[in-house]
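K.L.:
Fit chain B to the known structure of chain A by using the hints.
There are 2 protein chains.
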Amino acid sequence: MTKSYHVAVVGATGAVGTQMIQLLEDVTFPIKEVSLLSSARSAGKKLTFRGEEVVIKEAKPDSFKGVDIALFSAGGSISKQFAKDAVAHGAVMIDNTSAYRMDPEVPLVVPEVNPHALRDHKGIIANPNCSTIQMVAALQPIREAFGLDRIIVSTYQAVSGSGIQAIDELQTQSQAILSGEDFAPAVMPVKGDKRHFQIAFNALPQIDVFTDNDYTYEEMKMVNETKKIMEDEAMKVAATCVRIPVVSGHSESVYIEVDQDNVTVAQIKELLEKAPGVVLQDDPATQLYPHAADAAGKKEVFVGRIRRDLDNPRGFHMWIVSDNLLKGAAWNSIQIAESLVEQGII
Amino acid sequence: MTKSYHVAVVGATGAVGTQMIQLLEDVTFPIKEVSLLSSARSAGKKLTFRGEEVVIKEAKPDSFKGVDIALFSAGGSISKQFAKDAVAHGAVMIDNTSAYRMDPEVPLVVPEVNPHALRDHKGIIANPNCSTIQMVAALQPIREAFGLDRIIVSTYQAVSGSGIQAIDELQTQSQAILSGEDFAPAVMPVKGDKRHFQIAFNALPQIDVFTDNDYTYEEMKMVNETKKIMEDEAMKVAATCVRIPVVSGHSESVYIEVDQDNVTVAQIKELLEKAPGVVLQDDPATQLYPHAADAAGKKEVFVGRIRRDLDNPRGFHMWIVSDNLLKGAAWNSIQIAESLVEQGII
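Chains as they are written, first to last, in the UniProt record's numbering: chain A, 1 to 346; chain B, 1 to 346.
Please keep in mind that the hints were generated in silico from the structure rather than gathered at the bench. Since no wrong hints were added, every one of them can be taken at face value.
Put simply, identical chains are the same to the list, so a pair is met inside one copy or across any two.
Within a straight-line C-alpha distance of at most 27 Å, the following computed DSSO-like cross-link-like pairs (lysine-lysine) qualify:
(1) K298 to K194
(2) K194 to K269
(3) K236 to K269
This is chain A alone, in the form it adopts within the complex (with noise of 0.2 Å):
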C-alpha cells in the first residue's frame, strides 16, 4: 500500500494558497488528510476538497499535529511565527516566503535544478521566489551542458504577486482610468512601503523595498538565491525588478555568457526542448515566442526568443515566462512534496 499523507495549507484563502489547494485537488499526490488554515479573519470559511466539505480553521501552534507536510504561504512573519511548532510535530514545512530561503541551514529547492539538497533538510525547505525559479529552471540545462558566468535580468512582473490586494487594485484603477475617474493608489508597489502610485497603464521599477545597495530585495532575492541553488558563489548575477500592469505570469528579459565558446542557438534549442518543465516557444517566422497572457494558469517555464549576442560570441538573449503563483510558488512547492515522496525523504 502505498504510503499517504496528512498535508497542511496555511495562507489557504490567499492568491498562492487557493492555487495550492487547486493543484493538491488536481494531482495524484497521495493525501490522507488537508487541514486548510488560515488568520482567525478567514477562519470558519468552508471549501471543497475532493468531493468533501472542508473548514479552514485559524492557523494554532498544534494546527501541525499528525501533519506531515505544510506548505506555508502566508508571510514571513507567519511562517517564523509557526515554524517550530510544524517542525516539532514532525511535519516538513514548505516554506514558500523569503523568511528562511537564505538560512544555510535551509535548502531552497527547484526540483528540476537542485532536488538532491533536499536530503539535508532539518525540517524547513524553501520555495524561492518567483521570478528566480522560472529564470533557473530554463538556465539550468545550458548551465550543465556548457556552463554559465554571467545573467543580467529585466524583469517584468505580474502584480498577483504582491497578493488580492494587488490584483484588486490594478483592476479597480484600471476601470477608473478607463472611465475617467479619480483613483488613489494605496497599494503598489509596495503595501507596506511609504509612497504607493498608479500601477494601470504604468511600469513600477520597484518589487518589494530597497536595500543599503540600491537593488531592491526583490532583486537581490533573485541574485542571492540563483546562486545559492545553482550553488556557485562566483556566478555574476544582476537583476532589475520591474512590475507592470499584467494580472498573472512574470516575464523575463534575459541575457547568459556561457563558460564555451561555438556554442550555438540551435543547441541551446535542442536543450530546451528536451527539459523537464520547460517548453520552448521559438519561431520568429511564425511569431511564435511566450507571453504571460498565454502562460497564466499553466504549470510549465516557457522560453523563446533565443538570439545569439551581436557582439559577443559566448552572449545569449532570450525571454522567460510562466505564471507566477503555479511554477513561481504553488507548483513549485506541490513538486518540493513530491520530490520529498520520490526520493524517499519522507
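P.N.:
Chain B only, in chain A's frame:
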C-alpha cells in the same frame, strides 16, 4: 527682424502629428505659416492653430511649394513618396519615420547628442526611433565623460508608438477583459504582421517584424541607430524590445559598461543632473525613480535607479523613461528644427 518659417506637418491627424502641432503652438519657434497635411481620408478637418483656423489638406507633390521645414510623421511610404517633392521645393524635411534613418547621406540627429551632424544635411534629416532617442540622450553625458563600451537594453514600450489604432485597441481590450467580454486582437503587436495577440494585461516581446537574425527591426533600430548617432560603430549594443500595456511613456532597463575604472554612481548622477534635456529622479530612500505615468506629457528624459553592477566594476544599471510621442518623436523633431535655426543652417 527675426526670420520666420513656413512649416508643414505631414500626418497631421496621427498620434505624433497631433503632438507636433501642439508643440508648435506652444514653443517660441518663429512660424510664418503652417500647412497641415494628411491623407485624402482625413483632409478637410479643421484645427485652430495660434488662434487661426487651419484646414487640413491632402498631401500632394505641390503641397511643399514655399515650405521651409516639412515635418513628416505619416509612415515610411508617405515619406518616400514625397521626399523628392519636398526637397525639390527647397524644404528641409525632418522625417520621423524609419525610411531614411540608416541612409549614409542623411543625418540622424538627437540635438543633445550630435547637433553638428545637421550641418551635413542634403535636404533630409532623420528623427531616430523613439526608444533610441531617450537612451542616447541619457547616455551621452556618461559617454562623453567616461567612454561607453557596451549597452544591453530591455525596453518596456507604450502602445502609442504604434499609433492611434493601437491606443484604441489597448483601451477597448482592457475594458472587455475587465467586463468579462470577448475580444479579438487585430492590431498588436504589429498591425501588418500575420498574427495578433492580446496586449491588455500582457507583455509582448515583439515590436515591428522580425529580421533575418531573429532580432526584430525595432531591436536592430536601437542597435544601428545608437551606433550612428554616437558615431561609434565598434560600440557593443544589444536590445530586447517589449510592448507593455501603457498608453504613453517608454521605459528602459539599461546596462552599460564604461571605458574607465573607478567611475562612481555619484559621478554619473552629477553628470546627469547637469545634462540638457535630462532629469535625474533617483533617491531610493524616498522611492524616487522615473515611471511612465509620471513622464507622460513631459519633454524631458528621466533617469533613475542608477547603481553599480554587482560584479563588473565598470558596469552600471539604470532606468530611463520618456514620453515616446514627445522626446521620442514630435519634440525631438521640433528640437531639430530649432537647432537648424540656432546653428544658422536654415
